[in-house]
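**Q** Sequence:
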Amino acid sequence: MGEMASVLFIVRMSPNLQDIIIHLYNIVGTADQKPSPKSLDVEENSDVKLNQLRSVQFSGFTGTRNQMVLAKLLLTKSPRLNKMVIKPNTKQCNAKRGFSILKELIRLPRPSAAAEIIFG
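Per the working numbering: the sequence shown ends with 135, consecutive numbering throughout.
Heads up, a few of these hints could be off.
[Said to hold, decoys possible] In silico DSSO-like pairs for lysine-lysine, Cα to Cα no more than 30 Å straight-line: (1) K118 with K92; (2) K106 with K64; (3) K92 with K102; (4) K87 with K118; (5) K111 with K92; (6) K87 with K102; (7) K118 with K98; (8) K87 with K106; (9) K102 with K118; (10) K102 with K64; (11) K98 with K111; (12) K92 with K64; (13) K118 with K106.
It is worth saying that the hints were derived from the structure and are not from the lab.
All of these numbers come straight from a predicted model, not from anything done at the bench.
Input sequences plus hints: build the corresponding full structure.
**A** Listed below in structure tokens is the structure:
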């Protein structure tokens, strides 16, 4: 089971999860070499409900496909989400890439109108 599949499994088994902090570590040169399995796509996880999740924090975020899929899943499946904080890995994620990530996440429809995304 890959890392992201493991995270998704833990999230699925924790429907009462309220706060989550995810520390991400990338080895330089390996980002996106292994695409996430189809089972990690948001559309494939329509049954996931995170009704109690209120805050999410990522550290070391670089915007790899797997990281983006996980962030999108948490944003779109959490009706009580108040805040998602994304702290980028500044060695691997420059300002232009950071803006692109933020723009992509802000455009997502979210069940919680109060959910704010903080990048930086």
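**Q** So which of the earlier hints does this model not fit?
**A** 2
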